Amino acid sequence: MNTQRRRWSAAGLALAAACLAGPAAHAAQDWPSRPVRMVLPAAAGTAPDIMARMLGDKLSKIWRQPVIVENKPGAGGLVGLAAVKSAERDDHMFVFTPASVLTLTPYMYKSSQVDIVRDFQPVAMVGLSPMMAAVSASSPANSLADVLAMARRQPDSFVVATTFLYSVPNLAADMLSRASGVPLRAVPFASSAQSISAVVGGDAQMLIDGVPPIEPMIKGGRLKPVAMFSEGRVAKRPDLPAASETYPSLVINGWFAVVAPQGTSRQAVERVNRDLSTVLAENDVIDKLDTLGVYPKTMSVEAFGTYWRDERMRWEKVLRDVNAQPVQQ
3 MNTQRRRWSA AGLALAAACL AGPAAHAAQD WPSRPVRMVL PAAAGTAPDI MARMLGDKLS
63 KIWRQPVIVE NKPGAGGLVG LAAVKSAERD DHMFVFTPAS VLTLTPYMYK SSQVDIVRDF
123 QPVAMVGLSP MMAAVSASSP ANSLADVLAM ARRQPDSFVV ATTFLYSVPN LAADMLSRAS
183 GVPLRAVPFA SSAQSISAVV GGDAQMLIDG VPPIEPMIKG GRLKPVAMFS EGRVAKRPDL
243 PAASETYPSL VINGWFAVVA PQGTSRQAVE RVNRDLSTVL AENDVIDKLD TLGVYPKTMS
303 VEAFGTYWRD ERMRWEKVLR DVNAQPVQQ
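Quick note on the numbering used here: the sequence shown kicks off at 3 and runs consecutively.
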């Protein structure tokens with residue numbers, strides 16, 4: 003009798019466990035149940051916009067739900083993040099963002115509305131876009147060592163052109179100066195086009211920027227690359243040295259990622275991470291990202307959370323080293 007009772011008890015517990023697990027498993031399978039909104043804190047037509055729309059189109063085919071990309075630029079990304087934070091939590095809203103919003107903005111833009119670290123959680127890494135150093139095609143320099151030797155000989159006239167003050171390229175120039183011990187005068191321009199024009203026109207001797215704006219000028223014979231600020235040599239340019247080969251600290255990547263407002267379910271976060279990893283392994287996606295100077299990089303939710311934390315702390319130190327003054331929003 004006791005044996006029979008124990009069997010019925012065990013069966014009952016198993017049935018109860020299945021009933022409890024059922025809804026959670028079913029919910030994970032059914033997600034998404036409606037269109038997914040992907041907020042982008044960048045303007046339409048930019049590289050992040052092109053990436054977000056391409057990946058959104060791919061994900062919509064997997065999920066059988068539309069992925070709606072919403073451009074909300076402004077205030078270092080805070081405009082878009084504030085919109086997401088204030089929206090109702092529904093497991094169907096995410097942020098696709100360049101790294102600067104997650105690393106530089108928390109230090110540079112002090113907001114009473116948004117605390118990026120507290121209000122958002124990691125979802126997925128998408129890809130890396132290392133900085134590149136280039137010179138005019140007519141420059142006698144053919145390597146980073148040549149460029150630094152020129153800077154040593156002409157400290158008063160040697161200019162490094164970068165984008166705006168405290169941008170990643172601008173900070174990269176300071177990091178190169180500190181690592182090499184060579185004083186470098188970085189001049190920030192309002193746009194990549196202006197900084198490129200300065201080098202091509204002879205008003206600056208070196209350019210640091212992301213790959214996308216430089217690549218067409220290399221193909222057009224106006225610029226030549228001298229170094230990538232990547233962890234190692236990239237497959238597309240095996241003959242181009244990485245600055246980290248000489249200066250190990252000079253791994254300077256732009257990167258792109260997806261984050262979600264705190265309170266988003268683990269099931270939704272894991273599903274986005276998993277399906278993005280699938281999409282980023284597709285050859286046509288790899289080829290398209292390559293034209294944008296982006297190399298797919300995937301990792302688990304936890305690994306990306308650690309990477310984000312480490313990058314944020316690293317850039318905070320860099321900003322403090324250059325005495326960058328935060329802007330109050």
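Watch out, some of these pointers could steer you wrong.
Cross-link-like lysine-lysine pairs, in silico, DSS-like; alpha carbons within 25 Å at most [to be verified]:
#1 LYS74 / LYS238
#2 LYS238 / LYS319
#3 LYS74 / LYS60
#4 LYS60 / LYS290
Calculated directly from the structure, the hints in this document are not laboratory data.
Every value quoted in this text rests on a predicted model; they were computed, and no experiment measured them.
Status of each hint after checking the structure:
Straight-line distance between C-alpha atoms of LYS74 and LYS238 comes to about 33 Å, which puts the hinted pair past the 25 Å bound. For a cut-off of 25 Å, the pair hint linking LYS238 to LYS319 is broken: about 31 Å separates their Cα positions. Taking the CA atoms of LYS74 and LYS60, the gap is about 22 Å. The hint holds against a cut of 25 Å. As the CA atoms of LYS60 and LYS290 are separated by approximately 13 Å, the hinted pair is consistent with the 25 Å bound.
Hint violations for this structure: numbers 1 and 2, all remaining hints satisfied.
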